[in-house]
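Engineer: Residue numbers (the numbering used here), protein chains in the order written: chain A, 16 to 433; chain B, 6 to 298; chain C, -1 to 350.
It should be emphasised that the hints constitute simulated quantities derived from the structure, not laboratory data.
Mixed in with the good hints, there may be bad ones.
[As the list claims (entries may be wrong)] One-sided excerpt, in silico: chain B residues whose CB lies under 8 Å from chain A:
#1 Ser15
#2 Gly94
#3 Pro96
#4 Ala97
#5 Ile118
#6 Trp119
#7 Gly120
#8 Val121
#9 Thr122
#10 Pro123
#11 Ser222
#12 Leu228
Just so it is clear, CB atoms sit at the ideal spot from N, CA and C, and this is done for glycine as well.
Now for the letters of each chain:
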Amino acid sequence: MGNDQRRFGMLALLLALALALAACGQQAPPTGGTTGGGTTGTGATSAPPAPSGEPIKIGAIFDLTGATADVGTPYSKGQIAYIDWRNANGGVAGRQLQLISQDYAYEVPRAEELYTQFVTQDGVVVFSGWGTGDTEALKGRISEDQIPFISASYSAELADPARTPFNFLVAPTYSDQMIIAMKWALEDWKAKGNTGAPKFAYLFNDSPFGRSPLADGTAFAQANGVETPLEVPSPRGATDLTPQLTQIRDFGANYVFMQNVSTPASLAIKNARSLGLDIQFVCLNWCANELLIKLAGADAEGVVGAIPFDPAAEGAKVALEFAKEKGIDYGGATSTFVQGWTAMSILVAGIEKTLADGKELTGENIRNTLQTMGEIDTGGVTQPIVFTATDHAGAKSLRLFRVENGTWVAITDFISAR
Amino acid sequence: MEKLVQLTMSGVANGAIFALVALGFVLIYKSSDVINFAQGELLLIGAYLTYMTVEQIGIWWPAGVVVAVLLAAVVGVLIETLVLRPLIGEPAISVIMVTIGLSSLLRAIVGSIWGVTPRPAPQFLPRDTMTIFGASVGVDKVWAIFLALVLFGVLTLFFRFSREGIAMRAVADDQQAALSMGISVKRVWAVAWAIAAVTAAVGGILLMSIFGGVSGSIARVGLLVFPVVILGGLDSIPGAIIGGLIIGLLQSYAGGYLPPDLGMGEVVPFIILLLILLVRPYGLFGQRFIERV
Amino acid sequence: MQSGTFHTTYAADMALRPYWPQRLRIALVLAAVLVFPWFADRYWLSLANTIAIAAIGAIGLNILVGYTGQISIGQGGFLAVGAFSAGLMAARLDMPMWLTVPIASLFTALVGAFFGLPSLRLKGLYLAIATLAAQEIITWVLTHGKLLGIGESLSIPRATSTIFGISMTAIGNPDFAFYWVTVGCLIVTAIFVSNLFRSRVGRAFVAIRDQDIAAQVIGVDLFRYKLLAFATSSFFAGLAGALTAHYRGIISWERFTIDTSILYLAMIIIGGLGSVSGAIYGAAFITLLPALLSNLARLLSGAVPQINSYLPYMQQGAFGLAIILFLIFEPEGIVKMWRNVKDYFRLWPFSY
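Build the full structure now, drawing on both the sequences and the hints.
Structural biologist: Given below as structure tokens:
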């Protein structure tokens, strides 16, 4: 065994050296198209019809194998699809968009590494993150490096340019979503002919992400004469939420607001139905998606959700048709796919305007453009997105949807939080 | 009162799921002294294999389930032969790490074959609820209780009366002596892993029904197996059942009665774990390990 | 080449590296370490810093697992304790780095000793699971950060990252400045721990690993030395955590979950249990593995475009596969592989 081990050791050493050389030697990714360590998913890179100037580099990290991969994957496909679509239609000002992206499996250190690599070695000018963990971790860096940043974490703290000058929110903050949902609940309560105030409860993911909207929601509820809502955390990894639901039942809640992802949310809905509870569930954006319907099945009927990116709008049709044309499989998560597509389109709109204004493509210029360019049209998927120098919350309103016959159907127009 | 009944039924039902998961774990430990960190992934594999045979290939569901369970047994044997057998005689830390590495690898393989998007559960799984003692419980959870008891009975009889079972106990007791009596230790281990994979497959199928879909979250239930087996004793089958029940009931009562904003439900099993370990290091039913210098 | 032990002075006998080939290798490595940051770009510097910090944590874990034989799956939790205590001191009390890091490390040592109390009653696998429980409890405390006033994440003001008044941004960019701090700490840690195991305390640890009842018989106080092992190991974990807090500038609970603990265990197993250089090799290997794979995928994506869609699974699986392969084929880790290479050259043309 000794000799075999020695030989194995030598071979492994040589292999390691070869890999290291490969790693060091290969730095500049090939230009043109959307190659470069990412997941194209479609496998199809179209030949650009327009003459390519220097490609515009956009960095992105996705969660494709980690804890939130079930929504991270369709989101990533939406983002990549937008880039491919844009390139197929002439790029931006004649230049190709190059997406440099990778999976980081929701591991924050990996996110930091990839960010540093993309900014230092690949020279990306803007960045698209994903979750609360990485967005929080990078928010200082992007300010130092002056890289405009969007992500799928809609925490209220990211909207203040005084604190986070390079973060941009493309959907209403979790706090705003909660307030909008509560507004709807109050109207719904009156419309059902009830007098007095309803009772609210939260069933939220037991983590800072889950707690994010609670304080603002409670303030709004109290200001509108509703008793302090009951806060019930939903333990991560639970197989049964019946105990939590009995607490909610004892409290007498009429509306339960869920700030959670789809798997525990669907569990709550199913458990509630089997307990025979008569409560109205209202999901914020991370459980208001097709995945919830898939998992909860018939029990999901009547659940109301806040979907910031309307999948039935005109702008979304373009995305879905492109997906069909290219055979992109986003696992039925239409609204998440549209979310990724639209978010990327907003970032690219900023880039386009910067170039149209004749400015050099630097992070700071793109940020200034985003802050001053006025309304960004998303084809009705959201209200026009507006960033200002004092407010980076681009969207302040959304539509509420309800599950009817297995799909999300819009039940209100755009409601805004303030 | 009604709440107490409801919480108790919920707790018992959840406990049955934990017990099922723990059974396979205890089996492996009992026969080969291996702490299997990949038990959650065995659940996952069982669930996905069932999904594959019933939904993707379209076999009639009883046959599909049987085929899936047999395939799971094969996977268990393969894991034992390829990964565990070369590590005979290595220190405990190495064996623990290899099962940890295995869990990573299995999750990656499952993800690359079936993707990470949750698939809806196959139709044959029960989705309704029934009322027992005035409390409503999902039918799938009732099945879990029933299956846990059946498996417990079968395994106890297996260990007490069958040749293979006695051989397994002999190997668990003293490998050298068993070898000298002509028992094939390798075969015993392969059988242990096969049975563990089978119980895990059954657990995985039930979890599919509970979650409404098959996805990576099934594997995360595997982490809860540790409080259960520590409580019950790492090498005790009745301990797995009782431990599962206790943890299930504790979680239920904690979630239902303690002030909710503390969020204690998640951490209570682990605190109990620590307390039990300090008082009875070998769990309620585990065998006291006598060390010889 | 050396062909036997022949020392003529006590100093030579006691030296850590008595032979000139060893000294030459160390000198070369030190030279490379000193020259590297002047030529490396930010990405490589940040990788180097990550490896250095991980190596400190891995060396700490090695003290506990490799040398004292107490299995611990709670390393993530101890890193968190170090990071958040340093972070809280810096953020709330404006204490500078050269104060917060040592204090945080000492505090973590105390916490580690506390969580090490079960080790007096528990052994082997039961202890491993008790540390798992400790890890989950620490994660729970962090996710319920209201208790500590943490919120979603904790920001450490850049202004506190100073050593005796010299700010980290004064000497070029922060990555460059921190390189000296992290590598300096790593070198001190390595020397300290190497010497620890030539001392009485270290030998007591090893005795406990090999056969603790026999150790007790010859007079090793189990209570004291087990707790000391936990405390020392946690000290270095706290050091690594505190450095992370100041280096990254912002920390949250997601960095310190059970997956982190498993990562550190993988580092010392792959690197080689019971060896300081093994911990460093393991830290480098685990940190570089995903980066190597993705660069390799980029290289191959021209020839095999499908590889990009499988890359995430490959990265996830590679970690598990690396552990399994190392444990099956080279259970003593990279350190043994390196030793085989050295032996080959030393004994050539003989084979043993």
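Engineer: When the nearest CB of chain A is found for Ile118(B), is that gap smaller than 8 Å?
Structural biologist: The hint is violated - Ile118(B) has no Cβ within 8 Å of chain A, the shortest such distance being about 13 Å.
Engineer: Quick check on the hint: Pro96(B) CB to chain A CB, less than 8 Å?
Structural biologist: 17 Å, violated
Engineer: Does Gly94(B) hold up as a contact with chain A if the rule is Cβ-Cβ below 8 Å?
Structural biologist: With a closest approach of 13 Å, the Gly94(B) hint is violated.
Engineer: With a cut-off of 8 Å, does the beta carbon of Gly120(B) approach a beta carbon of chain A closely enough for the hint to hold?
Structural biologist: 7 Å, holds
Engineer: Any CB of chain A closer than 8 Å to the CB of Val121(B)?
Structural biologist: 4 Å, holds
Engineer: With a cut-off of 8 Å on the beta carbons, see whether Thr122(B) makes it to chain A.
Structural biologist: 4 Å, holds
Engineer: With chain A as the partner, please determine if Trp119(B) meets the hint condition of a C-beta pair closer than 8 Å.
Structural biologist: Violated, because the Cβ-Cβ distance from Trp119(B) to chain A comes to roughly 11 Å (cut-off 8 Å).
Engineer: For the restraint on Ser222(B), tell me whether the closest CB of chain A is nearer than 8 Å.
Structural biologist: 5 Å, holds
Engineer: Hold the hint about Ala97(B) up to the distance rule: shortest CB distance to chain A must be less than 8 Å.
Structural biologist: At 21 Å from the nearest chain A Cβ, Ala97(B) fails the 8 Å test, so the hint is violated.
Engineer: Answer holds if the nearest beta-carbon of chain A is closer than 8 Å to that of Pro123(B); otherwise answer violated.
Structural biologist: This hint holds: Pro123(B) lies near chain A, its Cβ roughly 6 Å from the closest one there, short of 8 Å.
Engineer: Under 8 Å is the threshold here; is the Cβ of Leu228(B) close enough to any Cβ of chain A for the hint to stand?
Structural biologist: 7 Å, holds
Engineer: Go through the hint on Ser15(B) and say holds or violated, using the shortest Cβ distance to chain A against 8 Å.
Structural biologist: Since the shortest Cβ distance to chain A is 4 Å, the answer is holds.
Of the hints listed earlier, those the structure fails to meet are numbers 2, 3, 4, 5, 6, in rising order.
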